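A.B. asks: Each chain, letter by letter, is given below.
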Amino acid sequence: MTKSQSSIPKDTLMWMYETLVLIRRFEEQAKREADQGRILGTHSAIGEEATPTGICAHLRDDDYVLGNHRSHHHCIAKGVDINEMMAELLGKATGTNKGKGGTMHIADATKGMLGANGVVGSNIPVATGCALSAKVQGKDNVSVVFFGDGASSQGSLHESMNLASIWNLPVLFVCENNRYAESTPFEYAVAGQSVANRAAGYGMPGVTVDGQNVIEVYEVAGEAVERARRGEGPTLIEAMTYRYHGHFGADNPRGYRTAEEQKYYEDKDCILYMEQFLIESGVATKERLEEIDNDAKAKVIKATQFAIDSPYPDPSELLSDVYIKYP
Amino acid sequence: MREDSSTIVMGIDVAGAAGKADEGFIDPFGGTFAMTKGLIQEFGTSRVLDTPISETGFVGAGVGAAAAGLRPLVDMMFVGFIGVCGDQIFNNMAKMHYMFGGKVKLPITIQAQTAASGGNAAQHSETLYSIFAHFPGLKCVVPSDPYSAKGLQIAAMKDDDPVVIFQSTRLMGVNFDQHVPEEAYELPIGKSRIVKTGDDVTLIGIGTTTRTCIQAAESLAKQGYQAEVVDLLSVSPIDEETILSSISKTRKVVIVDEDYPKCSVASELSALSAEKAFDLLDAPPVRVTAPHASIPYSSVLEQLHFPSVETVTKACREILG
Ligand SMILES: Cc1ncc(C[n+]2csc(CCOP(=O)(O)OP(=O)(O)O)c2C)c(N)n1
Ligand SMILES: [Mg+2]
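Quick note, the sequences are listed as chains U and S, same order. So for the first sequence, our numbering puts the first residue at 1; every next one is plus one. So for the second sequence, our numbering puts the first residue at 328; every next one is plus one.
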């Protein structure tokens, strides 16, 4: 264990473990809901839990997180209630978005989660605007946007990095590079084979991090968040990760990647890594970690029951929330 | 594509697994809805191009390639992604032929996915015909079944003007029990067709809603009314002749459009009926559309958003008195 690793407070380490496991169990249940046909499908974040967990460990409720189409893990790491999330997936009135948004649009402003977003690359400028607001108001809160390797090809990222850099905005551009955009390999779509390197062109730090290692993510994010809070501007982080399941719903990844490749990444699983780390460093016992896992499973069962028991939205909701006022 | 080697196809995962053919991965997607499946095997990577997620880039590249001699078919996937590539479509694709005094032609086809389906929610369920039809310089066609899909696809790709072809997500997977000829054929762009004849009321359907209109007409028939169903097929140009001749017979028109109601194709057809068939109409034109609200996720709300057989039948009953 290195010095910096030991300097992470025990509470933080345990929070990160709990969060990783809670996301995993939630996503397994969401997948079950889809596999059994109760919902159309979701973009599973299984395998990618560590990146938002390591980053959100540094964030407060008044910091902003903006996600993409694959955002359940961002939401949970930012503290969004899983009962309300599950209710949202089932299209219930008690959902985070009253059942109007669904899996690709989960938002909870009270937790600083300003929304998942179904249009690839679309939230990156919005996150930049949240950071602008912090700066204009002289506050020290920061904004974080998560996007994929696929999204890194959108002009919106490049325009936003430039804006954030010239205005010195407190924003973290976090690319979760899971090596594929649908079935398109990152190696094909990203010229230069690195997203992080693109930071240089916009005069900001660009860091590549092992996205399966939550400790490493935590440390890199810590520096970037502090830098942003001090008013020193944006950072681009590229977290190398992997999604274990298909792109969406029933997509079978065997059409574009091998079982061996998948196994290679599953062997580097972020939860297994953290378990080992916590036990070896004496922070927690195996039994304690099992308790945490059982607790997460129980919370997910409760959330699912809450969602099932909740009512569907009233038909009048179809026409509400279009405007605040519209004569 | 077999006939004309200048025809290319571009879009996100139009084949899939780009660059991995050596590992035995070829064409796993063939387009998000498998509409371009098999093309890469026959035409190769120089004519079937998987793109990064860069709509401004690849739609714009389609415009440029068309100006410089190719005939691109560009899949923009869900129509809402027009938000990303609108500049290329509205400022270049629609205008270059005119701005350049007719000296440059743009034989490009854009394919866009429409309609609410299965909880795709606000950004992946829109229809938005009217945004495109608003622009001079664009032709816009909307197939309503496999037969029209094939005929209009070929016509669009052979047309020398830019054409946008709208496919309905909700019609994917529907069994139409319809014969589609193996050989190539074209349906003329700008022509509507009568899919059911009747004397009591004219129902105009567009893409997805044509099916709704046919079903409503069946329900009306059981109640003793004969509805005529016009399948619009083209929202730009609009086939005024077919519509006006049907209205002159039935003297009543119900326009069924899944798009938002304001400034829509339904409004356009209503205006057309009022302006050109005022004296023929026994009642004001009726529009049955989606509400002026974004598309909700929850299934109980989603199904209230688009025109249903019941709402269309009810609107007809009201106008029939
Ligand atoms: C503008 C836009 N283009 C295309 C899509 C369709 N689409 C949804 S997710 C996706 C792949 C995104 O890949 P990436 O950014 O790497 O995220 P990942 O799915 O791997 O998490 C695509 C092409 C979309 N939603 N929005
Ligand atoms: Mg990806």
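None of these hints come from the bench; they were simulated from the model. None of these values were measured; they are calculated from a predicted model. Where hints are given, some of them may not hold.
Listed below are the simulated BS3-like cross-link pairs for lysine-lysine, each with C-alpha atoms no more than 27 Å apart in a straight line [claimed, not checked]:
#, chain 1, residue 1, chain 2, residue 2
1, U, K263, S, K422
2, U, K268, S, K422
3, U, K286, U, K268
4, S, K432, U, K325
5, S, K432, S, K422
Computed far set for chain S versus chain U, every beta-carbon distance over 12 Å [unchecked claim]:
#, residue
6, A344
7, G391
8, V411
9, V507
10, E595
Glycine included, each C-beta is placed from N, C-alpha and C at the ideal position.
A.B. asks: Take the hints in turn and mark each one as holding or not.
C.D. replies: Each hint tested on the structure:
In summary, the hint linking U/K263 to S/K422 is not supported, as the alpha carbons are separated by about 51 Å, beyond the 27 Å threshold. Our distance criterion of 27 Å between C-alpha atoms is broken by U/K268 and S/K422, whose separation comes to about 53 Å. Annotation: proposed proximity of U/K286 to U/K268 holds, straight-line Cα distance about 19 Å (limit 27 Å). Taken as a hint, the S/K432 and U/K325 pair is broken in the structure, with Cα atoms around 46 Å apart against an allowance of 27 Å.
Taken as a hint, the S/K432 and S/K422 pair is honoured in the structure, with Cα atoms around 10 Å apart against an allowance of 27 Å. The Cβ of S/A344 does not lie farther than 12 Å from every Cβ of chain U; its closest approach is about 4 Å, which violates its non-interface assignment. With a minimum CB-CB distance of about 16 Å to chain U, S/G391 clears the 12 Å threshold, and the non-interface call stands. In this structure S/V411 is not separated from chain U by more than 12 Å, as the shortest Cβ-Cβ distance comes to only about 7 Å.
The claim that S/V507 lies off the interface holds: its Cβ sits roughly 27 Å from the closest Cβ of chain U, which is beyond the 12 Å cut-off. Consistency note on S/E595: stated as away from chain U, and its beta-carbon is indeed over 12 Å from all of that chain's, at 23 Å minimum.
The structure shown violates the earlier hints numbered 1, 2, 4, 6 and 8.
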